[in-house]
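As given, the protein sequences belong to chains A and B, one line each in that order. Under my numbering, read the first sequence as residues 1 to 71, first letter to last. Under my numbering, read the second sequence as residues 1 to 177, first letter to last.
Rather than coming from a laboratory, the hints here were simulated on the basis of the structure. Some hints here could point you the wrong way.
[Claimed, not checked] Simulated pairs of lysine to any residue, SDA-like, Cα-Cα distance not exceeding 20 Å:
1. A:Lys61 to B:Leu72
2. B:Lys63 to A:Asp67
3. B:Lys67 to A:Arg59
4. B:Lys67 to A:Pro68
5. A:Lys53 to B:Arg79
6. A:Lys53 to B:Pro39
7. B:Lys67 to B:Ser129
8. B:Lys78 to B:Val28
9. B:Lys137 to B:Ser58
10. A:Lys53 to B:Pro131
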Amino acid sequence: MKVELVDISDEMALRESDAVAGVSPAPTDEDLLDWDASIERPPARPAGIIQVKLEYAGRSKPIPVTDPASE
Amino acid sequence: MSTPAYPWYQLVSGDDIEPGDILDACPVFLPPEDLAGHPFTTATFRWEERDVIVMSQSCDTVKGREKISEVLLCAVWKRSELTEGHLATNRGMEEARRGNLPGFHVLAECTLPGFLREVSVVDFRRVYSLPLAFVRKQAVVSGNRVRLLPPYREHLSQAFARFFMRVGLPVDVPPFK
Chain A
1 MKVELVDISD EMALRESDAV AGVSPAPTDE DLLDWDASIE RPPARPAGII
51 QVKLEYAGRS KPIPVTDPAS E
Chain B
1 MSTPAYPWYQ LVSGDDIEPG DILDACPVFL PPEDLAGHPF TTATFRWEER
51 DVIVMSQSCD TVKGREKISE VLLCAVWKRS ELTEGHLATN RGMEEARRGN
101 LPGFHVLAEC TLPGFLREVS VVDFRRVYSL PLAFVRKQAV VSGNRVRLLP
151 PYREHLSQAF ARFFMRVGLP VDVPPFK
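Chain A extracted, bound-state conformation (with noise of 0.2 Å):
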């Protein structure tokens, strides 16, 4: 079996320096959140084409706000 010395010296002193100031030990990977981990291509789902008939409503008016200590 090959063993492999590696100097951790330098960070056992820092992990004896945060002890010492009672911070828990950083963790080890760098980048623990994926932010940009996505779905590339959605699951297979049934699909289809509709045809619509569009009707112009006017444009939307906001919903009235009532206020609430009056409720």
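Given chain A, put chain B in place with the hints provided.
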């Protein structure tokens, strides 16, 4: 088998819409891109079937006191549907479960009799809105449906908010080494 103390789901029916309601096989409609800027009177829309989960707040959908006209929905994928990419692996699903993939949220399996659902994944990047009246009707015609219960639905809302409010810095503080 004993009932879990904090069940994830309950069965509901009717047109009362709440966050966490899962509507299976709900159509979503995609207008053609050449519709933009043209006053067409007819057009061809593509529709696609999706399992979706309601994200709109319950206070906005109270019957008779609606504060929205469209309901916000996110796509829900069954785990078995995710056959490619990182989420097709146990490692990817585990990362999603731990919250390390903020674009997704993992929902537990549902063991309600007659409504078994495998583990599923909410996809925050696939967001739809449909008219509230349409969603109410869709809920009625689909019969019984599964509703995510507190605190799991608040956990879902928090995860969505966390993803949506993300901010990427053009220049970050250099790492401390």
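Structure-based check of each hint:
The suggested pairing of A:Lys61 with B:Leu72 holds, with an alpha-carbon distance near 19 Å, which does not exceed 20 Å. A threshold of 20 Å between alpha carbons decides the hint, and for B:Lys63 with A:Asp67 the separation of about 18 Å falls inside it, so the pair holds. Restraint check: the Cα-Cα separation between B:Lys67 and A:Arg59 comes to about 18 Å, which is no more than 20 Å; the hinted pair holds. Taken as a hint, the B:Lys67 and A:Pro68 pair is honoured in the structure, with Cα atoms around 12 Å apart against an allowance of 20 Å.
Proposed proximity of A:Lys53 and B:Arg79 is contradicted: the alpha carbons are some 37 Å apart, above 20 Å. At most 20 Å may separate the alpha-carbon atoms for a hinted pair to count; A:Lys53 and B:Pro39 meet this at roughly 11 Å. For the hint pairing B:Lys67 with B:Ser129, the CA-to-CA distance comes to about 15 Å; that is within 20 Å, so the pair holds. Pair hint B:Lys78 plus B:Val28 holds up; C-alpha atoms about 18 Å apart against a cutoff of 20 Å.
At most 20 Å may separate the alpha-carbon atoms for a hinted pair to count; B:Lys137 and B:Ser58 meet this at roughly 17 Å. A hinted pair counts as satisfied when its Cα atoms are at most 20 Å apart, and A:Lys53 with B:Pro131 qualifies at roughly 17 Å.
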